[in-house]
Amino acid sequence: MKVPYHWLKEYVSFDASPEELAEKLTMAGLEVESVEHVWNNIITARINHLEPVKGSSHLNATKIFTGEGRELSVVCGAPNIKEGDIVPLALPGAQFFNDAGETLTIQATKKMGVVSEGMLCSPRELGLSSDHEGIYILPNDTPLGVSLADAVIHLDIKAHRGDLFSMVGIAREMAALFGAKLKQPEIKLPEKGKNSIKKMASITVKAEDDCPRFTARVIRNIKMGKAPLWMAQRLALAGMRSINVIVDITNYVMLELGQPLHAFDYDKVANHHLIIRRAEPGETLGTLDGAMRELTPDMVLVCDESGPLSVAGVMGGASSEISSDTTQILLEAASWNPVNIRKTSAKLGLRSEASSRYEKGVDPELALQGLNRAAQLMAELAGGEIVPGYLESYAHPSPNVTIPFHASACEWLLGYSVTPEEAAGALRSLEFAVEQNSDDGSMLVTVPSWRGDILESADLVEEIARELGYDRITGKYPTGDAPEPQAANWFDIQYQFRRRLQQCGCAEIVTYPLTNQRSTLQLLTDESDTAQLLIGAVDELAPAEKGKKNNGKNKQKQQSAQSVSETYDQAIPPLSADELPAVRLVNAISAKMDMLRITLMNAMLETISANLRYGNASLRLFEIGRRYIALPNSERQLPDERRTLCVGLTGYTESWTEPRREYDFFDMKAIIENIAGGLHMTNLRFTQTQSPIFHPGRCALLEVEDSHAKESRFHTIGVMGEVHPIIAERFGISQRTYLCEIDLARLYLHNTPPRFQPISRYPALTRDIAVVADISVPAQTIADVIKASGGELTRSVTLFDVYMGDQIPEGKRSLAFTVEYQAQDRNLSDADGDFLREQTANELKKQVHAVVRE
Amino acid sequence: MLDLLRILQESALKALLSAETSAEIAQWQNLYLGRQDGELTKILRGLKDVPAADRKTIGQRANEVKNELEEQAELRKKAIAEQELVSALVAERLDVTLPARTLNSGYMHPISQTIYEICGIFQKLGFHVIEGPEVETDYYNFQALNIPQDHPARDMQDTFWVEPGQILLRTQTSPNQIRIMEQTKPPVRAVVPGKVYRNEATDATHEAMFHQIEGLAIDSSTTMRDLRGALEAFARELFGPQTKTRFRPSYFPFTEPSAEVDVTCNVCGGSGCRVCKFSGWVEIGGSGMVHPQVLRNVQYDPAVYRGYAFGIGVERIAMMRYGINEIRLFSQNDLRFLRQF
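Chain order of the listed sequences is A and B. Residues 1 to 854, numbered by our numbering, are exactly what the first sequence covers, in order. Residues 1001 to 1341, numbered by our numbering, are exactly what the second sequence covers, in order.
Worth flagging that the hints you see were computed from the coordinates, not collected in a lab. Small disclaimer: the values here were computed from a predicted structure and weren't measured. Misleading hints may appear alongside valid ones.
Unchecked claim - Calculated lysine-lysine pairs in the BS3-like style (CA-CA distance at most 25 Å, straight line):
| # | chain 1 | residue 1 | chain 2 | residue 2 |
| --- | --- | --- | --- | --- |
| 1 | A | 476 | B | 1244 |
| 2 | A | 24 | B | 1244 |
| 3 | B | 1277 | A | 2 |
| 4 | B | 1277 | A | 24 |
| 5 | A | 476 | B | 1124 |
I would like the entire structure built from these sequences, with the hints used as guidance.
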């Protein structure tokens, strides 16, 4: 809210500059966003002399007198000025508004050879109204040389303090802060005429729950015209344009007291009878802003006998609007149900100064004060005659809220002790009524009607703390009971993953979890089954099912390439795009962010693509975040938020010490093995698979051995591979790119603390072995056979060569391994080595039809 | 014969002096002392033709010459080897300013780093770290926090809805206050880091998704002074021992009394600069004593238990710590940005 500094002085005496006041208000909880100085170097002045500028059709050279010193020469093009007029004069340095609403600064200049030492201002140039017909002519009795300079304090009033949306409300807080007295505007009502209002108008409130209080007055014989400068000026500083004296008075009183008002043209209200009721289905109203509004039965209206006149508390209708012909006013001051106003305002997409106040609650006790204040001003400033009496419907006056209170409640919450006198004094300064019981320090506090936010003891403690100053709440090292120490949890586990990945040279990214279906489906070359996107998203049921089925298959088939969903997500039936279990937003900020991600992969590819555009050619990136899987058949249930790791790799490694080498599949595999091994998940395996996201020959399913099951059993935890070139292209990536997505909960479920292996005192025996097998036999399978055939003696099996070509039959390849054997209790002899080799050769032949080369 | 030996000795020693490398020494050894065709070997081989009477004398002399030549050769060899090592080392000089070999070093996102640092500080103060769901119910995000339907405070937080009025993307980490208190009995001390969402247009200081850290401490003796003490300890550890903290009255529906928390600007040290908008203070979050209605909502008796809650904006703190002026850099994930942390 914009609060003009000088206006406040009318209601409270204080000695503080605008900046000092701002600081004081902020520290009392009325947050000041900024202090703006306006109308510097603009003063009132009189035109002493006026003559046309030679050679110009419209410019006049004027001599201007500011009350002292010499006359100033100002050139002016406005048609409406004459000698003797008192006008606002902008001196060099002053700022004004042009047609476009931009701020410009006045400079001394020469126009057609005549010196101009300033500018005479129109209402628009001062920001008072949109009127730019001519210079703002001030009343004849305006004193000269008066500066218009003022400061506007921009306050961020919180929603619970509806009472602070007015000058008096803020002055009341200031009175407490400065130990001063609040000066309410004095209301004098010169009622005139014999006829009481009862004979001239009537009200019927049919919707009493929506309208706690309604008051009205009639003012006759008003003279329409402009509001005086001081009022236009205050309205402008508070952010409202001057329109005409009647509308300006209703706005002025709203700003002054916080009571919104509405002025109807008395003669346009059928039978002068106001009816407050809910809208009928199908009713419409043309509002003041020129729009035709469709009304619904939950909206409250002020109507006459022929139909709606205004949307209560939100906006008036055009049909009963004040015009230049208006002579009689039917003035409304009411209070409305905040929730109803809020809903109506939201539904109509219409927020006004009035509705934003009503939404926060306007004290019903304020209605009559506001009504009378506005009537008074209409009499004083528009020559109106106030018809004796007023109309009122006040169905349910709220009783005063009283709260039993004890000063010890302050210490309970604030941590320092407050005497009953201090507490009572602080509350009284904010106009709470306090009845103290001197025996036990307790008190009964009556809450002022405008403080609907104060409901219980804790609320009073805050008021007292504010008045005493929050600086009294000094810090102390937290003591008190602490909970039991916490066991390691996901927060710590994820930290370990992040550190590991960082050690692998990866940079962490954090992307928006909000995405859209199109971007997600771009990950699939074949959209007929989107279940491929849900790696690791089904629970433990799926691997168990898989185990059963695989028992029936022969080993060869198990090892052949299968799709991700076939080998693993048995529990997820094929899904069409519409069936994706995604969490979707009903009020998305844009169509690009209308659902929560079900995979991290598309955001990773988008990030890689963007980085390539930025010129970052080599990327090792990872993200640890959640995927959000809507659970089937579970309305009102929250989705499954699955902790997930995504790694993306593209580009090359290059330095002056080694030639450039493009990253490949095995760089990605190294990262995965490093983090799995580093966190003791050594029982990780990579199985050839296919997925519509990846290169058909370069995709692996990631599985870990179940550390809890008795029989050997593997669970799928993720997938990795080279991104299918078609997919990469869709994301604007034209170089080989590798992706991996792992369900962290599944990965971490099977980590086991390391087991110590005794270090043998006997030397190891090293043998090289070259195996010729079908290309389709995975290297891992051969290594496993070699390892198993050495039994406990095998220390390590390390591949050192893969060869195809001369001397190797078509469709086969040679894999060369170094095998290290070691016994705990003896030296291994050459004979042991020969025996192990023989045994290994036999097993390889039997299990994978492989031949050991001599 | 003796003459022959003398001449040989002289010429051999002379040749030895002119040998300058290990290879030349080896050549020299081969020439004079070689088993097959060495000059001395040849002379010794001729001994059989010498009259028996002289044989002993000449043989002795020949051995002396042989020993001396071998001895001299060894000395010369050693000297040369030393010389050669010195020149080899000189030749192997490296320019130590050449760049290092590539050892890929990665980077943790500044948001993650900030979260770990902040939570780490509170862990030292005995707080648990707990995470909660990002997709929340209206009850936890609003109602249980004393923000009923149609409460004007809902305007403060534009909400992304999954099911209107029922399920939403959490607008704050505060719903975890309720979740934690529902699941535990006091004493409670916990911080909850995580993503939150607001349906707002983005600009240099606003994102529709950002990170918060919620704090909660409840027991039978905790007051607002403990709150301030905890936040002061936190601010000093994060921003340096000179950092001061200030409380300003504020409004949150789920705390009473409520306070906004400011710290002295760590860019200008409190004297005023653009980062702190020349106020010397930077707001880091909201806080207050847990509202009695919130305590009642989780069946904690407000006459027995009391405590505080706070919420800290992670992006704001990261921006302040690292001097980042644009919040959207966090979600752009440009490697040139990430590499700086």
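Query - residue 476 of chain A paired with residue 1244 of chain B [C-alpha distance capped at 25 Å] - result: holds (13 Å)
Requested in this report: Could you grab the alpha-carbon distance between residue 476 of chain A and residue 1124 of chain B and see if it respects the 25 Å cut-off?
Outcome: Cα-Cα ~16 Å, so holds.
Requested in this report: Would you check the hint for residue 1277 of chain B and residue 24 of chain A, treating anything up to 25 Å between C-alpha atoms as holding?
Outcome: holds (17 Å)
Report task. Sort out whether residue 2 of chain A lies within 25 Å of residue 1277 of chain B, counting only the CA atoms. Result -> holds (19 Å)
Query raised in the report: Given the hint that residue 24 of chain A pairs with residue 1244 of chain B, does the C-alpha gap stay at or below 25 Å?
Result: With Cα atoms ~19 Å apart, residue 24 of chain A and residue 1244 of chain B stay inside 25 Å; holds.
The structure agrees with every numbered hint stated previously.
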